[in-house]
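Asker: For reference, the chains in residue letters:
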Amino acid sequence: MISLLWSITIVSLLATLIISVYGIVAKPNLVKKLIALTIFGDTANVLVVLLGYRVIYPVKPPILPELSKRALGEFVKTAVDPLPQALVITAVVIGMAVNILIAFAVIQIYRIYGTLDVREVGKTLPELLRREEA
Amino acid sequence: MKRLTGLLTILIITLGVAIYLAQNIIPPENLHPLGEYYLENSYFGEHSAKSPEVVTSILWDYRGVDTLFETAVFFLAIIGSLTIFRLNREQSEEAKQGEPKPQLPEPVVVVTKLTVAMILAVSASIALHGQLTPGGGFQGGSALAVAPLLVIAAYTKYALEKNGLDKTRAIIIRSIGLLGIALTALTPLLVSGYIMQNQPIFPGEALGVPLGGSLVLYNLFEYLAVGAGFTAVFLLLSIPEEKFKKFLGVRR
Amino acid sequence: MRGVVATALLAFITYIIFTGSLTPYDLVTGVIVGVAIGLLVGRFLVENDAKALNPVRWAWGLVYFLWYFLVAEVKAHADVMRRIITGDIEPGIVKVPLKVKSEYARTLVANSITNTPGTVVVDVDEDYLYVNWINVTTDEPEEAKKEICEEFEKYAERIFE
Numbered sequence: 001m002i003s004l005l006w007s008i009t010i011v012s013l014l015a016t017l018i019i020s021v022y023g024i025v026a027k028p029n030l031v032k033k034l035i036a037l038t039i040f041g042d043t044a045n046v047l048v049v050l051l052g053y054r055v056i057y058p059v060k061p062p063i064l065p066e067l068s069k070r071a072l073g074e075f076v077k078t079a080v081d082p083l084p085q086a087l088v089i090t091a092v093v094i095g096m097a098v099n100i101l102i103a104f105a106v107i108q109i110y111r112i113y114g115t116l117d118v119r120e121v122g123k124t125l126p127e128l129l130r131r132e133e134a
Numbered sequence: 001m002k003r004l005t006g007l008l009t010i011l012i013i014t015l016g017v018a019i020y021l022a023q024n025i026i027p028p029e030n031l032h033p034l035g036e037y038y039l040e041n042s043y044f045g046e047h048s049a050k051s052p053e054v055v056t057s058i059l060w061d062y063r064g065v066d067t068l069f070e071t072a073v074f075f076l077a078i079i080g081s082l083t084i085f086r087l088n089r090e091q092s093e094e095a096k097q098g099e100p101k102p103q104l105p106e107p108v109v110v111v112t113k114l115t116v117a118m119i120l121a122v123s124a125s126i127a128l129h130g131q132l133t134p135g136g137g138f139q140g141g142s143a144l145a146v147a148p149l150l151v152i153a154a155y156t157k158y159a160l161e162k163n164g165l166d167k168t169r170a171i172i173i174r175s176i177g178l179l180g181i182a183l184t185a186l187t188p189l190l191v192s193g194y195i196m197q198n199q200p201i202f203p204g205e206a207l208g209v210p211l212g213g214s215l216v217l218y219n220l221f222e223y224l225a226v227g228a229g230f231t232a233v234f235l236l237l238s239i240p241e242e243k244f245k246k247f248l249g250v251r252r
Numbered sequence: 001m002r003g004v005v006a007t008a009l010l011a012f013i014t015y016i017i018f019t020g021s022l023t024p025y026d027l028v029t030g031v032i033v034g035v036a037i038g039l040l041v042g043r044f045l046v047e048n049d050a051k052a053l054n055p056v057r058w059a060w061g062l063v064y065f066l067w068y069f070l071v072a073e074v075k076a077h078a079d080v081m082r083r084i085i086t087g088d089i090e091p092g093i094v095k096v097p098l099k100v101k102s103e104y105a106r107t108l109v110a111n112s113i114t115n116t117p118g119t120v121v122v123d124v125d126e127d128y129l130y131v132n133w134i135n136v137t138t139d140e141p142e143e144a145k146k147e148i149c150e151e152f153e154k155y156a157e158r159i160f161e
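Chains as they are written, first to last, in my numbering: chain A, 1 to 134; chain B, 1 to 252; chain C, 1 to 161.
Misleading hints may appear alongside valid ones.
[Unchecked claim] Chain B stretches covered by chain A per the calculated footprint, using a threshold of three residues with CB under 8 Å from any CB of chain A: (1) 5 to 16; (2) 42 to 51; (3) 59 to 71.
Hints were generated in silico from the structure; no laboratory data involved.
Yeah, the Cβ is synthetic: ideal placement off N, Cα and C, and Gly gets one too.
Whole structure, please, built from the sequences with the hints as guidance.
Answerer: Next comes the structure, spelled out in structure tokens:
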């Protein structure tokens with residue numbers, strides 16, 4: 001039963017990854033692409049955190065409950081792996097900053113071209129350039 | 001209907017694959033050796049960071065250089081956003097012209113004022129206890145950035161700027177934070193250590209709690225830098241659309 | 001330097017409650033953070049230091065807190081429960097005049113009305129509150145006030161005016 005739940009968790013995360021890649025590729029709207037990208041990034045982070053999880057009971061966060069050598073043995077037996085969490089925490093904040101960067105670019109594109117559809121943007125750019133020349 | 005069929009197909013395929021894999025997959029019950037090493041050494045042991053919070057000690061000590069460069073990526077992204085919305089001097093002066101009037105009904109505005117003070121306290125607590133409890137510079141900074149965001153929503157961005165927190169100041173605070181991180185990383189070189197060394201150069205314990213040496217300093221500076229960086233971004237985002245279109249010369 | 005002490009106290013208490021421990025480290029950093037926040041935002045929160053630090057007003061605040069949660073809330077809950085079961089309702093929006101002038105007092109009255117079941121403040125302007133009321137017995141502003149918020153306003157006057 002537990003291995004079924006575990007495999008459902010992993011496979012559904014992989015399915016989310018695939019769906020979000022589809023969203024990035026297939027949706028013409030830039031905002032929808034950005035939403036799909038954030039879903040992609042967050043799912044990848046969850047997968048990395050999952051790498052450090054332990055399917056045992058009880059399972060504890062990687063923080064020493066008390067500062068004594070005696071507690072250490074028990075702690076190592078129950079705590080989850082801290083390394084993936086440490087890697088993810090920077091990835092989350094960087095992901096946020098990169099999303100802000102992309103969002104700014106999307107807003108600016110909308111201001112200049114008046115549209116968010118990538119196909120329209122492709123057509124509008126040569127028009128704008130031609131108008132400049134004339 | 002078509003959409004529903006697609007979703008159902010995905011659901012069924014996912015469940016099928018999951019049930020098929022469940023026979024061969026073994027849920028992990030043991031630690032990776034590296035993780036075990038970190039858990040054992042974070043507070044006790046030879047290579048200790050003197051912090052009971054293992055994630056923070058990995059973040060700013062064992063893998064400190066990693067985080068240093070990830071911070072660099074973060075700030076390049078923020079700088080990129082500021083560059084896309086770049087304004088010249090006159091334009092940024094014009095963007096500051098506006099009435100700092102409350103935009104929401106009076107009770108909302110008054111409660112926002114109180115909440116801002118409390119959010120500042122909470123974010124400082126998150127950042128300063130990063131070496132003891134979950135939390136740290138990144139999380140505290142993100143919480144800190146909520147305070148100016150609330151002010152922007154309840155009043156306007158002009159209220160922030162009239163009272164001294166404009167984009168330039170935010171970038172200056174952010175630079176102070178970054179400078180602090182760099183100095184903390186370089187300090188061990190003065191006493192013939194290596195870069196980003198933690199123990200035994202920085203104090204391991206003070207005022208009755210483990211400080212984690214340089215961890216508390218890194219968290220503090222990261223807190224300032226992240227909070228101020230996001231504040232600068234929010235200030236730029238809240239410039240009204242009409243003004244920006246005027247600056248860009250768009251007639252639409 | 002207006003409002004530094006009161007705001008620092010608020011920030012310090014929030015800090016300690018959020019941290020959940022009382023080691024010397026928490027107290028020292030809490031005082032530093034509190035004073036910093038007081039210097040940063042105190043002048044926007046407090047108009048009059050003597051008023052903000054007056055213990056009599058704080059005592060009235062405590063009395064109001066107890067009275068509000070033990071009496072007013074219970075009464076309103078019982079009333080709304082009865083109305084839900086019997087279906088005896090007459091909803092509508094009434095205009096209620098406000099006598100208090102300071103912004104904190106008005107916020108206290110408005111939030112107290114909203115937090116009791118059966119009445120919700122939908123808008124505020126200079127002299128009036130607009131209250132969505134579960135059982136409109138009168139649309140006379142003064143009489144509606146007697147039923148909805150006279151008690152709240154008395155306390156608000158003692159605490160904030």
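Asker: If a hint holds in the structure, say so; if it does not, say that too.
Answerer: Going through the hints against the structure:
no. : hint     : verdict
1   : 5 to 16  : holds (count 4)
2   : 42 to 51 : holds (count 3)
3   : 59 to 71 : holds (count 6)
The structure agrees with every numbered hint stated previously.
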